[in-house]
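Chain by chain, the residues:
2 protein chains.
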Amino acid sequence: MQKAKNLDAADPLAPLRAAFFIPDGMIYFDGNSLGAMPKAALGIVSEATRQEWATDLITSWNKAGWFELPTAYGDRLAPVIGASAGEVVVCDSTSINLYKALFAGLSLRPQRHVIVAEKSSFPTDLYMVEGALKARPDLEIRLVEDLLGAIDESVAVVLVNHVDYRSGKVAAVEAITARAHEIGAVVIWDLCHSAGIMPVGLNAAGADLAIGCTYKYLNGGPGAPAFVYCAAKHLPHVSQPLSGWWGHAQPFAFDTGFTPDAGIRKFLCGTQPILSFRALAAGLDIITGLDMAQVRAKSQSLTALFIELVEAQVPALALASPKDAGQRGSQVSFSHPNAYPIVQALIERGVVGDFRMPNVLRFGFSPLYLSHMDLVRAVEILADIMEKGTWAAPRFQAGGAVT
Amino acid sequence: MQKAKNLDAADPLAPLRAAFFIPDGMIYFDGNSLGAMPKAALGIVSEATRQEWATDLITSWNKAGWFELPTAYGDRLAPVIGASAGEVVVCDSTSINLYKALFAGLSLRPQRHVIVAEKSSFPTDLYMVEGALKARPDLEIRLVEDLLGAIDESVAVVLVNHVDYRSGKVAAVEAITARAHEIGAVVIWDLCHSAGIMPVGLNAAGADLAIGCTYKYLNGGPGAPAFVYCAAKHLPHVSQPLSGWWGHAQPFAFDTGFTPDAGIRKFLCGTQPILSFRALAAGLDIITGLDMAQVRAKSQSLTALFIELVEAQVPALALASPKDAGQRGSQVSFSHPNAYPIVQALIERGVVGDFRMPNVLRFGFSPLYLSHMDLVRAVEILADIMEKGTWAAPRFQAGGAVT
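Those protein sequence lines, which keep their order, are chains D and R. So the first sequence is numbered by the numbering used here: it starts at -12 and just counts up by one. So the second sequence is numbered by the numbering used here: it starts at -12 and just counts up by one.
The reader is advised that the hints may include incorrect statements.
Just so you know, same-sequence chains aren't split out, so a pair can sit in one copy or run between any two.
As the list claims (entries may be wrong) - Keeping only pairs whose Cα atoms sit at most 27 Å apart, straight-line, the calculated DSS-like set for lysine-lysine is: (1) Lys220 to Lys121; (2) Lys375 to Lys26; (3) Lys26 to Lys50; (4) Lys156 to Lys375; (5) Lys310 to Lys(-10); (6) Lys121 to Lys156; (7) Lys156 to Lys106.
For the record, the hints were derived by calculation from the structure and aren't laboratory data.
I would like the entire structure built from these sequences, with the hints used as guidance.
What follows is the structure in structure tokens.
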């Protein structure tokens, strides 16, 4: 308790909490699923609706820079993930961007036909790989346990999840990228569970392609547009098949034939959802002002304290995340045969985490709005639920899980 | 003048104008590019931000039905385009949905490899066809002047724009569909410029697939999510490669392999932009209460009067749209060598239409918020600009066009 107070007192990020709307009485451990709302988002969205749409109408395409939002926001996001301006574009959904990235990777290695991914990838990643195979039946998909060992001369594209969505384990993306490059393969990093909570060194690692979402730790709002990164060195050479008019070199010339933009805009396809874009601005305003090393330090401090408190007070839960903070993203998972009702009982008490099949309690830690004292309170409630067996009540048994 | 007043007095849709926010002094002829804002949208978006995102957070996936919005909104849109519940899903962008529809059509005709489209299609449609070819080099693309004459036994998929974006000409979609079916081909209707301004008879014509946007005549907001239609008879048999987790039969089971939803959800891919979805609700509320025959009658009355007024008062403009109202969508285009500066001079006076390469002035007519008297005033201003040569001022010469 005193330790948590001391950690909070010394926390340079503590003032950021005031920039977020956190419902009264809620301790929110689902920032890794849907980030909390930056207070500024409400006004920005309302203004975009009232002024940009209702009042300025089509003139907003120029006046409000709607057409440039994907690259403008991409440029702002770039330093957060270790990229340069002109290498990131915000658009569409993560799944759709992965499809683009897969074909972009294949376009760089036209003589190769193999895509390698981990079996434990976030499932939609695997579904999109399957989709690529449906469009191009000559591809071969290899789902493996160990990426490093699976990269051989036949491999065109390697897909790696930077942080595992279930366990929170950090993958050796740099080593995997180095190994892939040795053998001439291209790597796609999925940053969904790392962007915004730890330094991501795309350019430092000589990365090729990356994708990720903005509605988790970047606090962009529900279903906020996702992003694609392509290293500058590859931009002149890559292509992707979702070649809509926003990716055209001269979108307003209305040419019959497609000529891709020379830069990162070639990853754009159709018209983007402007109101959802605007909501993201508030989250970007916050994250782009931060030192990601400081964000990472607080994230590790939070997850370490949480593990310590749970292990001391709720020994029935088995840690399912790496014990070593260096190997851990900003989430902590525990397994328990009754994970589902326990999560439901916690939610009823205002402690919002989530359940993952088959038996995982998953807690996400946003260093931007959680305090160490939040964790003390949450673990007290968890311990109380376990001690009293509250979770066994019938009302917590039924129903499914939501991402 | 009196004629216009009489037409307005007899207009059963006149009261709808009060449901829209139209900026003071503006006569808006760009509802075919970005529809005006329904007044209710502002409150709906603000509530979605404040209550659904900020307060209810992840519980909104169930509580606010976020996960079901694509099909819920699709079911509401269905009758507007002559479809049944379960055949329409709202999601992603028009370009992306066209990619899905192209592959869905190809999946129904696995032995055929030819896609036929009109050279005059909206360019992004052609770019997406090119994209499909990039993913599947065995395809053959035929761009033609005359669709009806181009459909032979080798054709898998025919793509037709229901209303031409430049001229406003209505295509013979029923005849094209009948011809395609005789010869075993599948047809995709692009409804971007017809949905919301005229009856669209998808099921009556035995249509196969359709796509369209909601930000034009459906007033869904800037970059509002688009839609896909697939006839119920095809749903068990089609597949498409953008197979993300929202299209999975059991999205929350987190299976490693993809099993498509049995119904229209198989056209979904990734997480949808919820705030942009919510904005669309207001537009859907308005359109779904209307008799589309009445909407079409007013649209034809508006475009006929506009042509009559322009031909009488501004003979220098040459009509570039069909004279026959039955052949015309809800837009009227004129050609003039100085189309671009004339459009700019009109905008300065509050008459907002748009320019299309190379020499077209395009006026779109939303029957939901334009009156006949609006047209009288607009043509007076147009005549004044032409008479005085205002458009020749240097400030109107530079710059490009926006959709």
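Hints and how they fare:
1. Lys220 to Lys121: between (29 Å within a copy, 22 Å between copies)
2. Lys375 to Lys26: Answer is neither: 37 Å inside a copy and 51 Å across each miss the 27 Å cutoff.
3. Lys26 to Lys50: both (25 Å within a copy, 22 Å between copies)
4. Lys156 to Lys375: Neither. Shortest intra-copy (32 Å) and inter-copy (71 Å) distances fail the 27 Å Cα cut-off.
5. Lys310 to Lys(-10): Classified as within: same-chain Cα gap 20 Å, cross-chain 81 Å, threshold 27 Å.
6. Lys121 to Lys156: Neither. Shortest intra-copy (31 Å) and inter-copy (36 Å) distances fail the 27 Å Cα cut-off.
7. Lys156 to Lys106: within (14 Å within a copy, 51 Å between copies)
In terms of the numbered hints stated before, the structure departs from hints 2, 4, 6, listed from lowest to highest.
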